[in-house]
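Participant: One letter stands for each residue in the lines below.
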Amino acid sequence: MLDIRDLEKRWLHYKIKSYIPHAVIALSIIVILSITLFVWDSSDTPEQITSRDKISSIEKELDIESIISQNNSSTIQKPTVVESTKPIVEKTATVVSQKMLIKPSLDFMKKMQSQTSPYYNQSNHNQMITPKRKKKILQAKPVIEETQEVIVDEADTKVEKEQAVEKVHKISIKRRNAKDDIAEIIQRFKKNNNPALSLFVAKKYYELGEYKKSYNYALLTNKINNEIESSWIIFAKSLVKLGEKDMAMKTLKAYIRSSHSNNAQLLLEDIRSGKFQ
Amino acid sequence: MSSSIFTASKEVFLDVVNHKDYVQLDRVSTIYQSLKDSIKKPLKMILLYGKPGTGKSMFLTKLYNDLSSSQIVHLYQTPILDEGEFYKTLAQDIFAIKYSGELNFTQFMKIVNKSDIESIPVVLLDEAQLYSDVLMEKIRLLSDTRTIKFVITLHKTEKEDLIAKEHFQTRIWETIELENSSPAELKIYVQKKLMKANCFDTANMFNKKSIHTIYKFTHGNYRDTNKLLYTLFDLYASYEESHQLNSIGTANVPTKLIEMAAIHTGLINA
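Heads up: the sequence lines are chains A and B, in that order.
Numbering of the first sequence is given in this note's numbering, commencing with residue 1224 and proceeding in unit increments.
Numbering of the second sequence is given in this note's numbering, commencing with residue -19 and proceeding in unit increments.
Everything labelled a hint here was simulated from the structure, so no lab data went into it.
Treat the hints with care, since some could be wrong.
Calculated from the model, a selection of chain B residues having no Cβ within reach of chain A, i.e. all distances over 12 Å [claimed, not checked]: (1) -9; (2) -3; (3) 2; (4) 89; (5) 90; (6) 92; (7) 178; (8) 192; (9) 211; (10) 214; (11) 215; (12) 228; (13) 230; (14) 236; (15) 241; (16) 242.
Straight-line distance between alpha carbons at most 27 Å, and here's what the computed DSSO-like set of lysine-lysine pairs gives [what the hints assert, rightly or not]: (17) 1435/A to 1468/A; (18) 0/B to -10/B; (19) 172/B to 188/B; (20) 236/B to 188/B; (21) 172/B to 1232/A; (22) 136/B to 1240/A; (23) -10/B to 118/B; (24) 0/B to 16/B; (25) 1238/A to 118/B; (26) 236/B to 1232/A; (27) 188/B to 1238/A; (28) 24/B to 172/B; (29) 1240/A to 189/B; (30) 16/B to 1232/A; (31) 0/B to 1238/A; (32) 236/B to -10/B; (33) 196/B to 176/B; (34) 118/B to 0/B; (35) 1402/A to 1436/A; (36) 236/B to 21/B; (37) 21/B to 172/B; (38) 21/B to 31/B; (39) 1238/A to 136/B; (40) 1240/A to 172/B.
All figures in this text were calculated on a predicted structure; none of them were measured in a lab.
Glycine included, every Cβ here is placed at the ideal spot set by N, Cα and C.
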């Protein structure tokens, strides 16, 4: 009679031993895969950096705009306010007519809104913002500015929503703020010659209907960095507003040739068809 | 299922060479028939070779039993290593000459040449690799006289190919190689062997999977298979004796039990 217990023990031992190579193979596959994934991931990082370099101007613009928005939350918030308070703007006299003139460049405003919105989301709700952007914002500006801006934002929006009668006053307040802020940004621009600042100034002047100034600042931006699409668009729009339609078209054509910008193409078509005047 | 079935099944796989245990497999039958045909041909020597456990001894035993009724045939399963003893044994068995003194090759050749036997006697030598080269050379010279036909079996080892040896290369006229069985043949072998002993229940316990597992350990070698299955049924008997048969089941042979048998027989180094 065989010793079954001993044989069963030896069998169990054999089974465990036979599974070891499989376990080792499986483990090594997992390790290799994870290493491969890690290497793959790390090899992706330089590409991300290069792509970031390519759009550095846009990124800078974003950063600067977010910095500016901290100081001038009321002015940056303008696009959203314009949309929500459209009927009220229509009711007002001369100021309203100026704002109506801004309407053709609504795409540009939407773009600006989309660029600035993550910041607002972060400041108000701490949502919909990537960690990278978060870092940049924190690095770019002092914390005090952030808190100040948040307070102004909330105050402005609350007032706009609750008291429709006081809207006219608010607009005037905003303008005053905008002008002050523009002056401050111009000072900062003079110090560091940042094209994002000059572009911001150009955009703000365009919004305020000061097309000559917006033309000048857009021109300055283009001289510093001739690859910023929005700067060329503001430049062309300002030219149209100043009655230099041909010049605007010529400029846009030249820019489209070098950049193949879709937005520039759209604007060119709008100018050509007379949609944008 | 009574305990006698497992014990009886175990006895089926006892490693003994008995022509009654010979299992008829298609390929093996063809080889056997060609061996029988070769005996009829005027060949000097027939070499049967293969790895240990491929059934060479069984072949010789079967051949001896089949031919003994029709012609003079002598089987020497154990090699006679002493040369004088070898000649004396042959002289006595084939020519019925009892030699009391020493018999050398020259004297034996005289006996062979004077022989008046009508049919050529067949001498079957098993385990011929144990004979010395000198004796093998003399066996070759005896076969050259065409008065005695030799059928010898050899182990084919991995290290040296015996057929390549000089005295076989030039003098063997018929060589037959025996190989291990295939998985399909192994199944037939196991089941036929069990059914021959009326162990139908245990024969039905072997399915494709269990045969494949057995083949994995034995590589179709008949001797290893016999050893493994002997232990397997011994295990069944042991489980039955300790009233644990239900824990392993009797519908099919579980892989665990085959592996346990393989561990016990040393086919698995655990």
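Participant: Starting from residue 0/B, check that the Cα of residue 1238/A is at most 27 Å away, please.
Facilitator: The hint is violated at about 39 Å.
Participant: Going straight from one Cα to the other, do residue 21/B and residue 31/B come out at no more than 27 Å?
Facilitator: holds (26 Å)
Participant: Would you check the hint for residue 1238/A and residue 118/B, treating anything up to 27 Å between C-alpha atoms as holding?
Facilitator: Distance of about 54 Å is beyond 27 Å: violated.
Participant: Assess, step by step, whether the Cα of residue 24/B is no farther than 27 Å from the Cα of residue 172/B, and give holds or violated.
Facilitator: Given that 27 Å is the threshold and the Cα spacing comes to 35 Å, the pair is violated.
Participant: Taking 12 Å as the cut and beta carbons as the points, is residue 92/B off the interface with chain A?
Facilitator: holds (53 Å)
Participant: Please check whether the beta-carbon of residue 211/B is more than 12 Å away from every beta-carbon in chain A.
Facilitator: Residue 211/B is in fact no farther than 12 Å from some Cβ atom of chain A, at 8 Å.
Participant: Does residue 136/B lie within 27 Å of residue 1238/A when you go C-alpha to C-alpha?
Facilitator: Status violated; Cα separation ~34 Å.
Participant: Measuring Cβ to Cβ, find out whether residue 2/B lies farther than 12 Å from everything in chain A.
Facilitator: holds (29 Å)
Participant: For the pair supplied as a hint, residue -10/B and residue 118/B, confirm whether the alpha-carbon distance does not exceed 27 Å.
Facilitator: Given that 27 Å is the threshold and the Cα spacing comes to 43 Å, the pair is violated.
Participant: Between residue 1240/A and residue 172/B, is the straight-line Cα distance small enough, at 27 Å or below?
Facilitator: violated (35 Å)
Participant: Hey, residue 196/B versus residue 176/B, does the alpha-carbon distance stay inside 27 Å?
Facilitator: The given pair, whose Cα atoms are some 25 Å apart, holds under the 27 Å limit.
Participant: Minimum C-beta separation from residue 89/B to chain A exceeding 12 Å: can you confirm that?
Facilitator: The claim stands: residue 89/B keeps its Cβ more than 12 Å from every Cβ of chain A (closest is about 55 Å).
The structure fails to meet hints 9, 10, 11, 12, 14, 15, 16, 21, 22, 23, 25, 28, 30, 31, 34, 36, 37, 39, 40 from the earlier list, while all remaining hints are met.
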